[in-house]
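Student: Kindly generate the complete structure, drawing on both the sequences and the hints.
Number of protein chains: 2
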Amino acid sequence: MKRLDIFGLLKKDMNQIEQELFRSIEGDHELLNETSMHLLKAGGKRLRPVFVLMGGKFGSYDLDKLKHVAVPLELIHMASLVHDDVIDDAETRRGQLTVKSKWDNKIAMYTGDYIYARALLLATKLENPKIHQILSKAMVEMSIGEMEQIRDFFNTEQSIRRYLLRIRRKTALLIAISCQLGAVAAEAEPKVGNLLYRYGYNVGMAFQIQDDLLDLCGTEKQIGKPPGSDIRQGNITLPVLYALEDEAVREPLLKEIAVIREQNGECDVSAAVSLIKSSTGIARSEELATRYINKALEALDRLPNQRTKKNLRDIAHFVTKRSY
Amino acid sequence: MKRLDIFGLLKKDMNQIEQELFRSIEGDHELLNETSMHLLKAGGKRLRPVFVLMGGKFGSYDLDKLKHVAVPLELIHMASLVHDDVIDDAETRRGQLTVKSKWDNKIAMYTGDYIYARALLLATKLENPKIHQILSKAMVEMSIGEMEQIRDFFNTEQSIRRYLLRIRRKTALLIAISCQLGAVAAEAEPKVGNLLYRYGYNVGMAFQIQDDLLDLCGTEKQIGKPPGSDIRQGNITLPVLYALEDEAVREPLLKEIAVIREQNGECDVSAAVSLIKSSTGIARSEELATRYINKALEALDRLPNQRTKKNLRDIAHFVTKRSY
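For the record, the sequence lines run as chains A and B. Following the numbering used here, the numbering of the first sequence begins with 1 at its first residue and continues without gaps. Following the numbering used here, the numbering of the second sequence begins with 1 at its first residue and continues without gaps.
One or more hints might be untrue.
Heads up, the list lumps identical chains together, so a pair's fine if it works in one copy or across two of them.
Only pairs whose alpha carbons sit at most 25 Å apart, straight line, appear in this in silico SDA-like list of lysine to any residue [unchecked claim]:
1. 225 to 268
2. 309 to 228
3. 130 to 225
4. 102 to 220
5. 130 to 62
6. 277 to 31
7. 125 to 14
8. 125 to 22
9. 191 to 121
10. 170 to 28
11. 137 to 27
12. 65 to 133
13. 130 to 27
14. 12 to 277
15. 130 to 26
No lab work stands behind these hints, which were simulated from the structure alone.
Tutor: The structure is reproduced here in structure tokens:
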């Protein structure tokens, strides 16, 4: 998977973050090194560190401080993915075998615990208590979001509001605090941190909706896993909920979902995917993602003038157009 | 399970800690409240908070500060147990159904993640960075210890040293830092904190060895689970390793362990337990536990005179005599 490559001015610093990421998880335990390296090497967009650095541009930018937030945030994200893969029974992620499939569920659980702990250890190099408070609060919310996800598997009756609350916890919060903590670590004014939080929150919501759309409309090559993985595992996303509101597909789609549930996802899901794609669910989801992006841009407008604003605007536009 | 009741002078404060524990995990998520409460209500000796408070007696004792270390330490211990039960496939703990058996593995995993995060959030109320460093370092070591445990299941060729390193990470470190962090939070001299760490570390080692002995020699009523649970799940403890060095039982014991492994623990383990009990393994393990206790008492002797020293001495003696 490619990384975001629209950040010429951050490229050098992001390379250093990448090195720090690898250094941060190296320990003297062979198996944990292997599993953690496997995860890191699988790549990812490193979106959270990028946001941290850009947030830092609004204060006194110091990479040696910012890296102690940027690296932990990426590690926390990674750890949550490993635990997520246990829940989702995912065989691959980003085109690579998951830890739970290359090793097993138990090893995946402790790899996640280990990476969480390494993230926290690294963050303690910064002595600003506000950073730790923001970080641990987000981790509490994230774990609630993960639990919600289990509860809502195959719940076709859930409200849109419930879905939005779930992706808020699962995705948007961590992106929001990435933007904010960059500013906090760079000692920018609190107001700046709050606006960056709002920007990140709305970008994060749009990002997850786009992710959910890609799972239906992307190709296996683009998304690194077979399309329809969400519905296969019972993850009822926004396009599905909207499709269920579309009278033209509701009944047949409910039937398809019931079959998938009965077969524990071990069946062809292409009929369900086609139904969703033929419904108004795709366009309505895209529309909502665009609304979040517009809110992000509004927050951005209120930030002090800074060259980074253009980059943040580019990312916002990229999010709803990305195909990976 | 009874709590330690030898601390007259801490009783009132421990009651407050108990209330704080319940308050600390209460959130607005119903299922997480249920699972966390289930865990808390199952009880436990609350050994870590007791050690924190006693450590605090060596500085300026302030319960309102100490509770922000005492409660997180008990929560971290609890969270590690929930994840442990997933690995061990444990049906009961302390005579109660485990989260993984009352709910399921996935819910247990996220309950653990949630409790870890709540613990950290609470600890951020203290602004001393040293506390966070000590805490997160211990969490890294603990997760390595848990991983080691998986790797060493049914490994009858492991060295005594390997076993000791494992229980150091799994148990002794958290008890060591409980003693130390009490002193740190109460702003005692670093030397005092270090001696308390040494005391706690040695008590913790003895405590785990005693735990491993109880699993073989205790009754189901005493230990809240059927005896022989460790060997059933392939956890090769000190008495087993010593028994394997005893020529009189080595061969038949290896055969029994091979059968248990083959049957995935779903068989009668009483023959294996009897063999270990008939070996020199029990007495040698008791002897080593006593050696650790003596080291703990040595560290204690070097601490400043303080009424609490008597209580710490009592706990040290209690550890190797306890039957629960």
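Student: Each of the hints needs a verdict: does it hold here or not?
Tutor: Hints versus structure:
1. 225 to 268: Cα proximity of residue 225 and residue 268: one copy only (15 Å, versus 44 Å across).
2. 309 to 228: The answer is neither: 35 Å in one copy and 63 Å across copies each exceed 25 Å.
3. 130 to 225: neither (38 Å within a copy, 43 Å between copies)
4. 102 to 220: Within one copy only: 20 Å inside a chain, 38 Å across chains, cut-off 25 Å.
5. 130 to 62: Cα proximity of residue 130 and residue 62: in one copy and across copies (18 Å, 23 Å).
6. 277 to 31: neither (42 Å within a copy, 34 Å between copies)
7. 125 to 14: within (19 Å within a copy, 32 Å between copies)
8. 125 to 22: Within one copy only: 17 Å inside, 31 Å across.
9. 191 to 121: This pair counts as between: shortest inter-copy Cα distance 23 Å, intra-copy 28 Å.
10. 170 to 28: between (31 Å within a copy, 16 Å between copies)
11. 137 to 27: between (27 Å within a copy, 12 Å between copies)
12. 65 to 133: both (17 Å within a copy, 16 Å between copies)
13. 130 to 27: Only across copies: residue 130 and residue 27 sit 21 Å apart there, 28 Å inside one copy, limit 25 Å.
14. 12 to 277: Neither: 41 Å inside a copy, 63 Å across copies.
15. 130 to 26: between (27 Å within a copy, 22 Å between copies)
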